[in-house]
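If you want the building blocks of each chain, they are given just below.
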Amino acid sequence: NAGVTQTPKFQVLKTGQSMTLQCAQDMNHNSMYWYRQDPGMGLRLIYYSASEGTTDKGEVPNGYNVSRLNKREFSLRLESAAPSQTSVYFCASSGTRDRGSNEQFFGPGTRLTVL
Amino acid sequence: GENVEQHPSTLSVQEGDSAVIKCTYSDSASNYFPWYKQELGKGPQLIIDIRSNVGEKKDQRIAVTLNKTAKHFSLHITETQPEDSAVYFCAASVGGTSYGKLTFGQGTILTVHP
Numbered sequence: 001n002a003g004v005t006q007t008p009k010f011q012v013l014k015t016g017q018s019m020t021l022q023c024a025q026d027m028n029h030n031s032m033y034w035y036r037q038d039p040g041m042g043l044r045l046i047y048y049s050a051s052e053g054t055t056d057k058g059e060v061p062n063g064y065n066v067s068r069l070n071k072r073e074f075s076l077r078l079e080s081a082a083p084s085q086t087s088v089y090f091c092a093s094s095g096t097r098d099r100g101s102n103e104q105f106f107g108p109g110t111r112l113t114v115l
Numbered sequence: 001g002e003n004v005e006q007h008p009s010t011l012s013v014q015e016g017d018s019a020v021i022k023c024t025y026s027d028s029a030s031n032y033f034p035w036y037k038q039e040l041g042k043g044p045q046l047i048i049d050i051r052s053n054v055g056e057k058k059d060q061r062i063a064v065t066l067n068k069t070a071k072h073f074s075l076h077i078t079e080t081q082p083e084d085s086a087v088y089f090c091a092a093s094v095g096g097t098s099y100g101k102l103t104f105g106q107g108t109i110l111t112v113h114p
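Chains A and B supply the protein sequences, listed in that same order.
So the first sequence is numbered by this note's numbering: it starts at 1 and just counts up by one.
So the second sequence is numbered by this note's numbering: it starts at 1 and just counts up by one.
Just so you know, the hints here were simulated from the structure itself, not pulled from any lab data.
There's no promise every hint is true.
[To be verified] Capping the alpha-carbon separation at 27 angstroms, the derived lysine-lysine pairs in DSS-like fashion look like this: (1) B:K37 x A:K9; (2) A:K9 x B:K42; (3) B:K42 x A:K71; (4) A:K57 x B:K57; (5) A:K9 x B:K101.
On a predicted model such as this, the values are computed, not experimentally measured, just so you know.
Please build the complete structure, drawing on both the sequences and the hints.
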């Protein structure tokens with residue numbers, strides 16, 4: 001049981017390049033999330049998927065797109081990277097909306113630098 | 001939308017002392033308040049959470065208190081140990097369809113000196 005896995009761990013891009021961050025979970029969770037973490041700002045929600053087949057914007061969606069490929073996988077795409085997107089990106093997943101299932105499990109993160 | 005403020009940003013204590021981190025939130029509809037611990041190079045991990053129908057919750061050396069009237073909640077760590085050194089985040093969310101949408105505080109770097 002690997003939990004939440006993310007690839008790659010590190011990535012350096014040039015301004016204008018595109019890339020996709022991959023996330024997978026093996027806990028049969030319904031909901032998945034993408035956050036970015038910047039110094040002094042905590043974690044901010046980019047996009048989330050409440051269930052397979054649905055996605056919705058979070059607090060900072062501009063410059064990103066997501067795909068909920070199936071129940072296990074949720075990818076984050078940067079179409080044209082900008083230096084302001086330099087950050088650490090975390091994927092998370094959680095169970096259902098039932099009480100007691102709200103814990104979000106986080107992956108190890110992807111450290112992205114845009115030059 | 002929800003806004004969560006967390007203080008202090010850094011906290012340094014001696015081993016065995018207590019540590020307290022405080023958060024305030026703005027949306028009176030928020031009803032779920034988790035606390036996460038993040039160790040260096042890792043993703044955050046839930047350590048304790050509390051719902052709005054409860055005023056206090058304890059788990060060994062960790063406790064969380066909630067004051068819904070004042071819209072603030074706090075994390076209390078007693079008998080701190082060096083392995084408690086990490087970044088701690090509070091968060092808040094509203095139930096229903098937004099149940100999973102957490103708004104995080106800015107984080108507190110806790111250092112426990114042996």
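Results for each hint:
no.: 1; hint: B:K37 x A:K9; result: holds, 20 angstroms
no.: 2; hint: A:K9 x B:K42; result: holds, 11 angstroms
no.: 3; hint: B:K42 x A:K71; result: holds, 24 angstroms
no.: 4; hint: A:K57 x B:K57; result: violated, 32 angstroms
no.: 5; hint: A:K9 x B:K101; result: holds, 24 angstroms
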